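*Asks:* Here the numbering used here = 1-based position in the sequence shown + 14.
Among these hints, one or two may not hold up.
[What the hints assert, rightly or not] Using 20 angstroms as the maximum straight-line C-alpha spacing, the simulated DMTMM-like pairs for lysine to aspartate or glutamate come out as follows:
#1 K72 <-> D57
#2 K209 <-> E342
#3 K32 <-> D350
#4 K233 <-> E342
#5 K209 <-> E255
#6 K262 <-> E273
#7 K262 <-> E230
#8 K86 <-> D59
[Said to hold, decoys possible] Label-pair distances were calculated between CB atoms; the ranges are:
#9 A325 <-> R240: 16 to 24 angstroms
#10 Q43 <-> S462: 53 to 61 angstroms
#11 L195 <-> A461: 32 to 40 angstroms
Hints in this document: simulated from the structure, not taken from any laboratory. Bear in mind the structure is a predicted one, so any value in this text is a computation, not a measurement. By construction, the Cβ of each residue, glycine as well, lies at the ideal position given by its N, Cα and C atoms.
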Amino acid sequence: MSRAKAPAINEEATMADKLQILDGEKPNQDIALDKARLTLGSDADCGIQLSDPEIAGKHALIEHRDGSWTIKAFEADKPIAIDGRTLGTLRLEHGSVFTLGRTRLRFVAARAAIESTPMAGKKFKDQDAAVEELRRARDRILEQAEKIVIGQRGVLEQLLVALFAQGHCLLIGAPGLAKTLIVRVLAGTLDLTCKRVQFTPDLMPADITGTDILEEDPKTGARSFRFKQGPIFANLLLADEINRTPPKTQAALLEAMQEKRVTAAGVSYDLPRPFFVLATQNPIEQEGTYPLPEAQLDRFMFCINLDYPNAADEQRILLETTRDLAWEVDRVLGADAIMQFQHLVRQVPISPHVAQYATDLIRSTRPGIPENKGWVQQYVRWGAGTRAGQNLLLAAKAHAVLNGRTNVSCADVRSFAAPVLRHRIFCTFAAGAEGVNPDEVVRRVLASVKEPKY
């Protein structure tokens, strides 16, 4: 019987790829994958040696073949655990977090890590072709999503803009407007891990981020703490009815949304990339709810209001949802592709003309600036900050690229003024008495601020 020839080492792919030990006896240690074929186990002659009582002498084989890494368990009773599943063989993708024995490891592909870093400065060889590829992917995603979600195309488009601009979204709408369904369908079109948290008054921060649990080894009787990940360790997190939990628990999302990591017992854990939070909120019931603090609101790139569908769409919804049919959508993009396209969005240039227009918009919402009109001083208690301007430009970039363009105009900025600004403008009591809300303030600002001259 002839022995299979080991695949040749792809030097460019393997020399900088690595495994990171997230916990165990040597947390945060990096292991370089410097060979195309490595044995992992507790024996001294293994290419990757782990000191874990539940790791067998020869536990698994890590192999680079056909441009990707795979890990295969040698024994059926010692499988690979990932996302609550156990597998005999796992194809590793950038950011994959899996468990062997008691040891959690993350696979880091050097190429994907570089391409997903906004400041890496790496340019696409053919930017126009990459933009066209993203436009086609966007059309496929909308086509798949609209099989299930009827009459909410504008909301779906805004969610895609936020995703590729690396932002988070707050969805506000009455019950029964498919807020949760939209998130589930969007996750279905993307090859991402998705988890849902139902926010309730008794929800604790550790219920979201995770906590250390005490475990006892059945063989040795030794006890040790192991970090058990919470539902926040996912690519897409649905925070359902986020205003039903106290501020202490709401604040658990602050670090995660901004820094893409959580801290438990003094140890920081990186979240999977990409990381996208979609929170829903019911605007009708206010009793027993906790309004989101200003700092938490500012972490959301968009605040999207969902309205009732028109008569034709509503009739179609009633017909489609009362039939005995199960919905299914095709997956269009994976995590690595999404991160590369996020990097592409950051590379799109912005002219000083467009940047000046975004600056004028956010400054026109601030009552403390003397040159602003009198109604701003009367109706606005607090205006938009600098992060709003950053989000305006990022949304404009993503919108242009998703539509197959690399030139960003002031019209792109205007398109996203309402979702970016409405939750960052706080009105006075006088405004409430006269029926002036943040959306009305945004409309007046857009009407009064003219595009700067070239």
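*Asks:* Of the numbered hints stated previously, which ones are contradicted by the structure, given in increasing order?
*Replies:* 4, 7, 9
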